[in-house]
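If you're matching them up, the sequences are chains A and B in order. Residue 33 in UniProt numbering sits at position 33 of the first sequence, and the numbers go up by one each step. Residue 205 in UniProt numbering sits at position 205 of the second sequence, and the numbers go up by one each step.
Errors might be hidden in some of the hints.
Label-pair ranges, simulated between beta-carbon atoms [what the hints assert, rightly or not]:
id, chain 1, residue 1, chain 2, residue 2, range
1, A, Q180, B, G39, 54 to 64 Å
2, B, T405, A, S47, 38 to 48 Å
3, B, K339, A, R262, 17 to 27 Å
4, B, K412, A, A255, 27 to 37 Å
5, B, K176, A, R9, 17 to 27 Å
Quick list of in silico lysine-lysine cross-link-like pairs, DSS-like style, CA-CA up to 27 Å [stated by the list, open to error]:
id, chain 1, residue 1, chain 2, residue 2
6, B, K229, B, K138
7, B, K166, B, K231
8, B, K61, B, K353
9, B, K319, B, K133
10, B, K61, B, K412
11, A, K126, B, K314
12, B, K112, B, K166
13, B, K107, A, K126
14, A, K126, B, K181
To be clear, the hints were calculated from the coordinates, so they are not data collected in a lab. Glycine included, every Cβ here is placed at the ideal spot set by N, Cα and C.
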Amino acid sequence: MSGSTSSGRVFHAVAGTISVLWLLPIVAVLVTAVRSFDDIAANGLASLPQSFTFAGFADAWTNGGAGAMWNSVLVTVPTVFLSLALSAAAAYALSRFEIPGRRSIILLMLAGNLLPPQILLVPVSKLTELLGIYDTLFALIVVQVGFGLGFYTFVLQGFMRAMPNEVQEAATIDGAGPVQIFWRIVLPMTRPALAALAALAFTWIFNDLLWAITVLRSSAVMPVTPALLALQGQYVSNWNVIAAGSVIAAIPTVAVFLRFQRHFISGLAVGAVK
Amino acid sequence: MDRRHFLRVTAAAGAGLLVSGTASCATSASSGPVTQAAGTATIQSNLSAPAAKAAIDALVKAFNDKKGAQASVNTVASETFRTQLPSYLTSANPPDLFTWYPGALLKGYEEKGLLLDISDVWQTMGDYPQSFKTLSGKVFVPTTYYWWGFFYRKSNFAKWGVTPPKTWTEFVELCKTLQGKGVIPLGMGAGSDSPWTASSWFDYFNIRVNGAGFHRELLAGKQKFDDPKVKAIFTPWREVLPYTDPNGTAIGFQEATTAMLQGRTGMLLTGAFFADAAPKDAIDDIDFFRFPIIDPNVPLAEEGPTDGFFASAKSPHVKELKEFLTYAATAEGQEAYIKASSGTVLPTHPNAKDSGTPLVTKGRQHLKEAAEITQFFNRDSSDALQPTADAALVKFLQQPDQLDTILTTWQKAAEQVWSS
């Protein structure tokens with residue numbers, strides 16, 4: 001008894017220390033966000049705060065933060081819907097029908113995802129220019145959908161393949177065609193996986209920097225991550241404004257995660273058991 | 001609600017989402033690029049620091065208020081700008097103007113035919129000294145420049161009872177005194193994301209010992225980094241290494257300024273942009289002195305990095321952009337810029353007023369006295385050569401006894417850059 005409590009204490013002490021260490025960077029960002037620039041310049045980033053102000057938040061919001069946030073929403077929401085809709089359709093076809101060479105198709109889609117995006121930067125940038133969509137949010141949506149499809153399809157087809165065949169057979173007997181089966185049976189049953197993927201995709205696309213700076217050039221269309229980068233100066237950066245901007249930029253992803261948390265965990269669990 | 005109904009509702013919702021997805025996609029496409037309105041010259045700017053951004057905004061506003069041609073600024077992070085500049089320039093529809101500095105990189109683009117010949121703007125710039133003209137060639141219009149020096153707090157020097165040195169001996173003596181008082185005499189800040197600060201030391205030792213001519217030849221690949229003349233400049237540098245911040249290669253530039261402002265270090269070799277990193281109430285307390293003379297026979301050279309604009313050869317707004325460049329080169333335009341900036345940059349126009357603070361007046365005089373102006377390591381050589389200097393100099397600061405190996409390695413790395 002006494003042995004188990006002492007080991008319990010050790011466990012709590014170790015776990016507690018790790019949690020505190022884990023949270024330290026976030027606390028540091030939050031503290032920096034509410035300091036004034038003069039305080040940071042005079043006392044350094046690492047010193048204890050000697051000022052308290054929300055001016056950093058106001059600065060970040062008015063210095064392009066508001067527009068960038070809207071741009072991010074304009075990119076992220078359509079991209080998540082489009083890529084999940086397309087990959088759900090692809091996954092349905094690949095998992096429920098005997099398409100010749102479907103294994104190769106899936107592997108090919110996955111292989112596309114294994115390519116490092118860095119080697120595709122120049123071709124993608126040139127391609128969007130040729131298509132005349134360079135420097136538009138539309139280009140970013142197309143690129144993001146294209147690069148997301150492979151992975152989402154792979155996950156969804158694994159999930160759909162695990163559905164019992166009897167359900168589909170019963171629907172067929174009831175007279176449902178492939179499209180009806182997809183809409184009325186497969187898609188609703190895939191909800192947990194879709195919700196989990198939607199939460200993931202939202203975070204990835206919202207936090208992406210690389211594609212945004214590859215296909216965009218004007219500050220007016222930049223989403224939130226490059227806008228955050230633009231708060232950094234060539235020599236001198238206002239760390240309080242950058243920290244405040246980071247806090248603002250984190251809010252949507254945190255909100256989405258909290259909202260989808262339940263689906264997210266159950267989605268993973270369902271996938272794991274089957 | 002029965003199951004069928006539920007499924008129908010879900011399907012409808014799904015379809016609805018799809019439609020709304022494509023719909024918002026269409027709207028976002030229309031909110032796409034900043035339309036290049038006829039008669040508006042777009043300026044791609046890397047001046048992302050708040051003070052510098054305010055300054056270029058003020059310049060453009062003053063230009064637009066004249067109701068002639070119009071210009072608009074598009075600010076991107078300086079790091080993004082640096083890496084994306086080649087793709088901006090080679091794109092089918094590039095921005096019209098770019099903020100940048102003269103140097104090897106610009107020459108390279110000029111030779112590839114990517115830059116617009118703006119010699120007729122120079123026709124309006126008769127007052128400009130020949131040195132700016134030589135520096136800029138046919139493709140660049142300089143608007144501001146700044147100076148480098150050892151910056152310190154007047155109140156701290158008074159407290160420690162020391163005065164700025166003139167000669168190298170006095171400088172070493174000053175370091176010794178400060179160390180005796182428990183202060184680290186020399187800040188560095190070559191850690192984190194600013195290893196390039198060490199290059200300012202290299203530049204200064206080289207222009208003080210070997211002169212600006214040799215320095216330029218070395219950076220252009222006509223001399224060797226393992227030359228005995230280069231090795232010689234590390235002798236005075238070694239002399240002051242014991243007085244240099246032992247954390248010099250660990251902390252970055254911005255932290256190093258804080259250490260100096262707090263009096264933990266005595267002084268910092270840095271550029272006038274340093275004032276951007278200082279709290280407002282400390283600025284009046286800041287002064288600087290010239291990097292001490294080591295060999296009085298070497299003509300006085302100073303670092304005076306120049307900034308300005310160049311234009312893309314593909315621009316459809318040649319008339320508008322030239323009008324803007326002409327305005328940016330006038331005293332009026334530069335005064336508008338400087339008024340909105342943090343005030344430590346100098347106008348390139350000889351008759352334009354600077355911000356008029358004692359610090360800036362002294363800085364302008366400081367550069368006027370110099371017989372030769374160098375730009376900075378990366379500007380006199382290339383951004384590709386800068387990392388070789390960073391690696392070599394940071395290693396020297398950490399292991400000064402490895403100098404011979406460091407210089408041989410540096411020369412090898414530099415040769416690779418030059419031959420590529």
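Honestly, which of those hints from before does the structure not fit?
3, 4, 5, 6, 10, 12 and 14
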